[in-house]
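Trainee: Listed below, chain by chain, are the residues.
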Amino acid sequence: MKFGVVIFPGSNCDEDLIYTFETILGQEVVRLWHKDTDLQGVDFVLVPGGFSYGDYLRSGAIARFSPIMESVIEHCNNGGYAMGICNGFQILCEAGLLPGTLLHNTNHKFICKNVYLKPATRSTICTAALDSDEVLNIPIAHGEGRYYASQEVLKQLNENQQVIFRYCDKDGVFNKESNPNGSLENIAGVCNEGKNVFGMMPHPERAADEWLRNTDGRKIFDSILASVAVAK
Amino acid sequence: MRTFALSKQHQFSTMSTLIHEESTLEQAQDLGLLPEEFEKIKEILGRTPNFTELSIFSIMWSEHCSYKNSIKWLKTLPKEGPHLLVEAGQENAGLVDIGEGVACAFKIESHNHPSALEPYQGAATGVGGINRDIFTMGARPIAQLNSLRFGKLDSNHTQWLLSGVVKGIGDYGNAFGIPVLGGEVFFDESYSSNPLVNAMSVGIMNADDMISATSRGAGNPVYIVGSSTGKDGINGASFASKDITEESAEDLPSVQVGDPFQEKLLLEATLELAKTDAIVGMQDMGAAGITCSTSEMSANEGFGMTIDLDKVPTRQEGMLPFEILLSESQERMLVVVKKGQEKVVEDIFEKWDLNAVQIGEVTEGGMLEYYMHGELVAKVPAHDLVLGGGAPVYDREYREPAYFKKNQEFNIDDVEEPSDLAAVGMELLGNPNIASKRWVYEQYDSMVGTRNMSTNFPSDAGVANIKGVKSALAMTVDCNARYVHNDPKKGTAIAVAEAARNIVCTGGEPSAITNCLNFGNPYNPEVYWQFVNAIQGMGEACRKFETPVTGGNVSFYNQTAMEGKEAVPVFPTPTIGMIGVVKDKNKVMSLNFKEKGDLIFLIGESRDDIASSEYLASIHKIKECPAPYFDIDEEYEVQDAVKTLIAKGLINAAHDVADGGLYTALVEMGLPNRLGFDITGDAAVRADAFLFGEAQGRVVVSLDGSNEEAIVEALTEKGVPFSLLGHVTRGKMVVDDAHFGFIDDAVEVYNNAIGNIMEGKS
Numbered sequence: 001m002k003f004g005v006v007i008f009p010g011s012n013c014d015e016d017l018i019y020t021f022e023t024i025l026g027q028e029v030v031r032l033w034h035k036d037t038d039l040q041g042v043d044f045v046l047v048p049g050g051f052s053y054g055d056y057l058r059s060g061a062i063a064r065f066s067p068i069m070e071s072v073i074e075h076c077n078n079g080g081y082a083m084g085i086c087n088g089f090q091i092l093c094e095a096g097l098l099p100g101t102l103l104h105n106t107n108h109k110f111i112c113k114n115v116y117l118k119p120a121t122r123s124t125i126c127t128a129a130l131d132s133d134e135v136l137n138i139p140i141a142h143g144e145g146r147y148y149a150s151q152e153v154l155k156q157l158n159e160n161q162q163v164i165f166r167y168c169d170k171d172g173v174f175n176k177e178s179n180p181n182g183s184l185e186n187i188a189g190v191c192n193e194g195k196n197v198f199g200m201m202p203h204p205e206r207a208a209d210e211w212l213r214n215t216d217g218r219k220i221f222d223s224i225l226a227s228v229a230v231a232k
Numbered sequence: 001m002r003t004f005a006l007s008k009q010h011q012f013s014t015m016s017t018l019i020h021e022e023s024t025l026e027q028a029q030d031l032g033l034l035p036e037e038f039e040k041i042k043e044i045l046g047r048t049p050n051f052t053e054l055s056i057f058s059i060m061w062s063e064h065c066s067y068k069n070s071i072k073w074l075k076t077l078p079k080e081g082p083h084l085l086v087e088a089g090q091e092n093a094g095l096v097d098i099g100e101g102v103a104c105a106f107k108i109e110s111h112n113h114p115s116a117l118e119p120y121q122g123a124a125t126g127v128g129g130i131n132r133d134i135f136t137m138g139a140r141p142i143a144q145l146n147s148l149r150f151g152k153l154d155s156n157h158t159q160w161l162l163s164g165v166v167k168g169i170g171d172y173g174n175a176f177g178i179p180v181l182g183g184e185v186f187f188d189e190s191y192s193s194n195p196l197v198n199a200m201s202v203g204i205m206n207a208d209d210m211i212s213a214t215s216r217g218a219g220n221p222v223y224i225v226g227s228s229t230g231k232d233g234i235n236g237a238s239f240a241s242k243d244i245t246e247e248s249a250e251d252l253p254s255v256q257v258g259d260p261f262q263e264k265l266l267l268e269a270t271l272e273l274a275k276t277d278a279i280v281g282m283q284d285m286g287a288a289g290i291t292c293s294t295s296e297m298s299a300n301e302g303f304g305m306t307i308d309l310d311k312v313p314t315r316q317e318g319m320l321p322f323e324i325l326l327s328e329s330q331e332r333m334l335v336v337v338k339k340g341q342e343k344v345v346e347d348i349f350e351k352w353d354l355n356a357v358q359i360g361e362v363t364e365g366g367m368l369e370y371y372m373h374g375e376l377v378a379k380v381p382a383h384d385l386v387l388g389g390g391a392p393v394y395d396r397e398y399r400e401p402a403y404f405k406k407n408q409e410f411n412i413d414d415v416e417e418p419s420d421l422a423a424v425g426m427e428l429l430g431n432p433n434i435a436s437k438r439w440v441y442e443q444y445d446s447m448v449g450t451r452n453m454s455t456n457f458p459s460d461a462g463v464a465n466i467k468g469v470k471s472a473l474a475m476t477v478d479c480n481a482r483y484v485h486n487d488p489k490k491g492t493a494i495a496v497a498e499a500a501r502n503i504v505c506t507g508g509e510p511s512a513i514t515n516c517l518n519f520g521n522p523y524n525p526e527v528y529w530q531f532v533n534a535i536q537g538m539g540e541a542c543r544k545f546e547t548p549v550t551g552g553n554v555s556f557y558n559q560t561a562m563e564g565k566e567a568v569p570v571f572p573t574p575t576i577g578m579i580g581v582v583k584d585k586n587k588v589m590s591l592n593f594k595e596k597g598d599l600i601f602l603i604g605e606s607r608d609d610i611a612s613s614e615y616l617a618s619i620h621k622i623k624e625c626p627a628p629y630f631d632i633d634e635e636y637e638v639q640d641a642v643k644t645l646i647a648k649g650l651i652n653a654a655h656d657v658a659d660g661g662l663y664t665a666l667v668e669m670g671l672p673n674r675l676g677f678d679i680t681g682d683a684a685v686r687a688d689a690f691l692f693g694e695a696q697g698r699v700v701v702s703l704d705g706s707n708e709e710a711i712v713e714a715l716t717e718k719g720v721p722f723s724l725l726g727h728v729t730r731g732k733m734v735v736d737d738a739h740f741g742f743i744d745d746a747v748e749v750y751n752n753a754i755g756n757i758m759e760g761k762s
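So the sequences go chain by chain: H and A. Here my numbering is used: position 206 in the first sequence is 206, and no number is missing along the way. Here my numbering is used: position 119 in the second sequence is 119, and no number is missing along the way.
Here chain A stands alone, though its shape is the one from the complex (with noise of 0.2 Å):
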């Protein structure tokens, strides 16, 4: 599938030709169409599909737009809850009521494929598209996470990778002025050439001002507002359904350019918009602009439009119908007006200085009519070219793959316990999975807003405040990938468990989840059964934790050409992005220590388990094993013993306990004030496996010895196992009396590690 190559080997001498000749299959194939598609394409139409006709089929089948290979296992997935204002799918982001008026908009998309060639426009076209997926509801952003993947971070390809990343997303949300809140970034030589770009956007809204995503009332105007129409991005949803290979620079021109400046007019613009009531509908131009927005907004009820590409304000001259059509140009919205209305809506634009030009307008009878120079360039129905329409549906089929046979065989006693494990722990806190992202966010603006309530309260999940009400917003982005390699199934449902512990552990109450499912190459029945079985662990820790999927996206073609090997695809990489309402922003709970000689308790049961661990992997350099310790009903009754500890006021700190194991929680407790801890270790369970293990479920916390009765009350009233694991010293790091070096020290580890490679300082 070469997509791009087209417009080379295809030279269209007249409008004529591209108008009259029929495409042939060559041309559909070379489009990534399959012969059953482009026969079905013919029975649509009863009759052979002209060239622009067969590239809007072929953007709108793609597997980014059409979910082809993905949307029967997705529909398995848990979309209703009690807090959920719109279903999944129905609307650009899902909308979650949050109380007293306030709905919140969310959504994380996968910005891979752009990255791995261009990382800088890559993530910041990132970040500009999942804010229009926001705004254009009518909320306006105030929130952004994003989670990132790289190989390792030895590697020069690599360091390129996360500087241009991390320098995209930075001036792009920098600049469009919405904070970074939270965010997580993971090094696996898996992902070596093909980089992991998952954004996400938080918005608030009042209810009832949402913008639908539809078109309705023939006669009704349609408008293109924001940036002008280009060449860059033509095919990006093509590029993006299929494998990155050595001739993937070829592609290049697939990647789009971003203007955040634009971003942030249109986003005010917008916002003016959905306060009148001049709109019948708005959805923004992502993957496959023009054609994607008219047929997704059309198909939505049932009407046509007819539009006239000539009107298209363009960049460049002598652009041909299929390239307006498919252009990927950034900062761009189709509008459908109410007729009569028009000039509010021009008159909005006129404001921030936006093009809102008349394209066309709404027809009865599902007919989408491109026109150009007066003639009709293309002419398909809109409900046959979107997903839950005509576009095809796949059941592919899957094959566990040996390995995960192999992984059931890892024996805990095969493993040498190391002597020194004070120095092991201190190698683990300098190791970039590990250490401090600080060189990555401080890059990005984190305060902006005036709303994030962890600058200098660090939680487990990010808080912003909702101005003007009691409660605040928690939100967190979670995978840990190498669980998930190592069992698709348990591995996504501790992503989901460890996005809902860290939004507990913040005094959070889990809403909803919004995902980005990148995986490899679907037609690969072994990655097919990550993928399977990745969903089916996704949809059993949501219905357990009553948090719905509101929508997201997949990403499938990600894999790393090893040197002189065959490419691997990528850990199966599901990232849960979820949102949850601390009901009383005083009782937002915090992470770091507060004083020396304070107790730390632990709250779930320490297990003889290291597998699948950072320490196991890193240390030892054992990859076969299975996913660590997790048992659903256990997490939860933690997590509900967390939230009665945090309502009754028995702790001052929680931090769960995640990568790195219960040292690493201890270290992360102890840094914001310099404190260190002196605990005693679980005689039922090695040493390593206690201090590096990573099983799940456990919650460390940190009290007042005043409340230490009443704490123990209330954990053995809840039936939760527990421990008092020792107290809070003044900065010495005590473990069964053997001395593991000073807090101030591991930061100075654990603070500069990755700015230290980064600077070629190490």
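If we strip away everything but chain H, and leave its shape as in the complex, we get (with noise of 0.2 Å):
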């Protein structure tokens, strides 16, 4: 599968996800700058973290309007697979092509730590070959990653198994405690309808390097490869 890191001038994750899927999982990986508009042929768009344009408006309010972003609109709307992480889901959600919002911490305050998080469903690409009681233990890093919807956006959700990943406590209780910055069901992550557009605000690819003793990461994009392969 061909995996393209779209770069805004504000990315800073996107040469770790490109680490990640180049180095250690062995995928092609392609760079995909802000101003062009041609995805080179990719399979799978990988909107990384960081603070696209600077964010000073609202985190991937600008960024939705860049030339690379139509592209990425069009190839999401014609079924391919788009993945936004911590800003890249900020981004997909202001582009309209996942549902709801995110919105500040409720301490107002930026959380970068470990926190863990469940599968919620495993009717999507990146949570098929996870265990369903698995706990994984993912890092986060944000000041706006508040997840909210409205009463009927959030019933439809849960109707349709949008919901991937929901953060829980070490031994995978859901509850308040749990929840790092105020989510609404301790959403931590969610797909579109059609199931090809994910986002999440957890770093899947600072829990992927063997190096740093933690690669619970991995698992989610290992069940990304292993069912596309098997789509195929």
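Hints are supplied without guarantee of correctness; some may be wrong.
Unchecked claim - Far from chain H, some chain A residues (derived; all Cβ distances over 12 Å):
| id | residue |
| --- | --- |
| 1 | P78 |
| 2 | P82 |
| 3 | S228 |
| 4 | D259 |
| 5 | L320 |
| 6 | G366 |
| 7 | S446 |
| 8 | M453 |
| 9 | V712 |
| 10 | S723 |
| 11 | E759 |
What the hints assert, rightly or not - Here are the computed distance ranges between Cβ atoms for each label pair:
| id | chain 1 | residue 1 | chain 2 | residue 2 | range |
| --- | --- | --- | --- | --- | --- |
| 12 | A | Y636 | H | T106 | 44 to 52 Å |
| 13 | A | T644 | H | E210 | 37 to 45 Å |
| 14 | H | E210 | A | E708 | 24 to 32 Å |
| 15 | H | W33 | A | N456 | 27 to 35 Å |
| 16 | H | Q40 | A | D277 | 26 to 34 Å |
| 17 | H | M1 | A | D353 | 28 to 36 Å |
| 18 | A | K761 | H | Q40 | 50 to 58 Å |
| 19 | A | D277 | H | K170 | 50 to 58 Å |
These are calculated hints, taken from the structure and not from any lab test. Remember, predicted model here, so these are calculated numbers, not experimental data. Ideal placement from N, C-alpha and C gives every residue a C-beta, glycine not left out.
With the hints in hand, could you dock these two chains into one complex?
Mentor: This is how it looks when you write it as structure tokens:
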């Protein structure tokens, strides 16, 4: 599978994703510059974390109007795969490719730490190969990660199994204490109705290198690779 | 010295007066120059300078730029070492060879004065400035550290400063995308109105790709790149060269405003530029902006420059020449381009949507000529402006303060031993100087870049993975300023030794240091005595540990105005930033206990010493005492022994005994895996000194019981003192059969103390 990592001028997790997919997972990866429109025939678009265009207005609000995002939107609308992590998730929400929005953390502070997640469904390629009781230890690093959607949208997400991850404690229990940012229903990641576009606030690419002694994040990427290989 | 008031006092009616009118002694003094310095300037120029020229001299000869009151002593520090690629002061930062073709550029810098007035922007621009020093050289920053000092945390003002500084560091660094891998935070009332904000950046590069901060070749074009120039931060360097007083708020316009997004663009553009051979040299614009970068780059090889100030992109209309010259607007660089290669440079900056404008060219002869509206507004010789050139060098008088003798009268026998040491232990864990700094560091992105090897494997020093090579880079910042205050020479030697100990406990070999020297007013002979002694202690320790000084910064004029009393200098705080190399990243050592039943050894000796400990200061409220026990040779032997144990694979954790003593060290080792300890005291030592004393040269290690014989043999062979303290437990903390509580309770206190105060929960 060919992956493309979108690079905005303020992206800062782009190289981490490239390192993870190219060096650790051995995949073909190309860089997609924000001023370009050509997706170079990639199968899967990755929108990395960072501060796309400085994000002084609202995270991701300007990025969605960039030339490359026009192509990404078209790619997704044609059923192509895309995943946004952290700022990438915010951008995909701003672009209307994912439901809901991400608000300031309830404590109004940037939070960077390891948290625990559990897959909320196995009906997506990100979670298909995971054990549904499996608790993953994955870092977060954001100031605006409180997932919010209207009750109506939330109902739809739950009915269609579009919530992909929820924050939990290390024993897998969903509660207020294990919700780091005040997200509705502990939601850490969602997908679109077609289940080809994914977004999550935690950073699985920061838990993929054996040298960092935590490879829980790699399980998510392995799930993607395994599921798509089977589908093809 | 009321520097900034100048623009209000002196209304310049026309450009013509600015150019043709001679400046006066009164103006010179307003700008912070001494009468004899004004005379020296007239001598250098052979005429009386106009106001613009006077401004240029005043800023370049300010303490901040010229190091005029410190350079004599700084020159005594060791600058050479086997791994140094660049000696101190030659480039924007030191450069150390870490093997396998990788070089490390690193430096620490203060941003104290701006942070005292505007903690958010002050701290943010401190982070921006130090990172620019690193990437200007062509290195990609991979880690940041910071060393912070504030007044007592129970004060609202301190809480305001701490919140602002931490948010400033976080917002800038998080957006810029460089992780924080280490730091320290210390509270003492001497910092109440004058916090210290010291930021360090560590970068790596291919050793051959270094960009020099130099200029040469008449006719080569000179470019300004990055942000536009505004009126912010004018005279920041002068502001940093005087006392913080009640009137300091009037200096608010001296504080710069940061834009991490511009910095990120500048970083990427600069590193692209580093890969070309289109440029001669490059320097970032920090203190004294265009003035400093043009003069330092030119003076390096004896060239000059003509600069057309009309070409400088500005944010405001109608900026005066001296405002453009002195502006400290952030995120700008000066680049000397090889003639004919202009397009290469312009294309790179165009790609990143940044300004890149030619503002002048290199000339023969060493003169700097600044033009505006077609007229020569200032003409000054570059060499005479800079450190090592014509900038003044002073030999200040110093005098041992009375407190130093008094400190020696301290006797441990006069201190009553508390009956409930378990309660004392818990109280210390909740002391903001000992407690976890989690509330602070969770606001920093510590993991971006996927290099932080300490996230899931905590160690005394921060460790960055250098991808693609065998080695990893260890780094730390250390200074216990209470020790330094009580004995500047010994206290500073301890700061270096502690930094080395942290590197060694992490499995590394200390390489080099950078220093950030925060002191009071150098014209106060007692403050200067602290400075001189600190430098002597640092020199001694750096020679012992073979860690040369690659550079750093001096920040004088740090003092706190106590209500109704005379202002007092801050604790002398010579922060040491050290890097070291872990040659085999498989051998990184962590600090946490691994398994119940593992043995706990102390390398080094317990001492009947509580001097300068947090215990003595906060539990007994005794401040007059010497520095803690420290013997540099014993320290070296202990560190050498720890290196051997790690190399032989005999231990599974190592942690140094520092602030809060042995008890705190054991709790910190137990915390990550929620394990306790059962230990026996030392009959020759008071129980409070055994648990809470801060005698130096001690490291706690844990090991699997099967390695007991081997470790005893190894340590006996080394000839270092050691003792078996006890073993790791499932969670209970026991000292001499007395129950000291459970690790879970200790963790609760330790982890939440600062957060509870900051969130108003205690």
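Trainee: Decide, hint by hint, whether the structure agrees.
Mentor: Evaluated hints:
1. P78: holds, 33 Å
2. P82: P82/A clear of chain H: closest Cβ-Cβ about 27 Å, beyond 12 Å.
3. S228: holds, 15 Å
4. D259: violated, 7 Å
5. L320: Holds, since 30 Å exceeds 12 Å.
6. G366: holds, 39 Å
7. S446: violated, 6 Å
8. M453: Non-interface label on M453/A violated, nearest chain H Cβ at 6 Å vs cutoff 12 Å.
9. V712: Since the minimum Cβ distance to chain H is about 30 Å, V712/A lies beyond 12 Å and the statement holds.
10. S723: holds, 31 Å
11. E759: violated, 8 Å
12. Y636/A <-> T106/H: 44 to 52 Å: holds, 50 Å
13. T644/A <-> E210/H: 37 to 45 Å: Violated, at about 27 Å.
14. E210/H <-> E708/A: 24 to 32 Å: About 31 Å separates the Cβ atoms of E210/H and E708/A, which means 24 to 32 Å holds.
15. W33/H <-> N456/A: 27 to 35 Å: Taking Cβ atoms as reference, W33/H and N456/A lie about 33 Å apart, which means the hint holds.
16. Q40/H <-> D277/A: 26 to 34 Å: holds, 30 Å
17. M1/H <-> D353/A: 28 to 36 Å: Given range 28 to 36 Å: holds, Cβ gap about 32 Å.
18. K761/A <-> Q40/H: 50 to 58 Å: Since the Cβ atoms of K761/A and Q40/H sit about 53 Å apart, the hinted range of 50 to 58 Å holds.
19. D277/A <-> K170/H: 50 to 58 Å: holds, 53 Å
Checked against the numbered hints above, the structure violates hints 4, 7, 8, 11 and 13; every other hint is satisfied.
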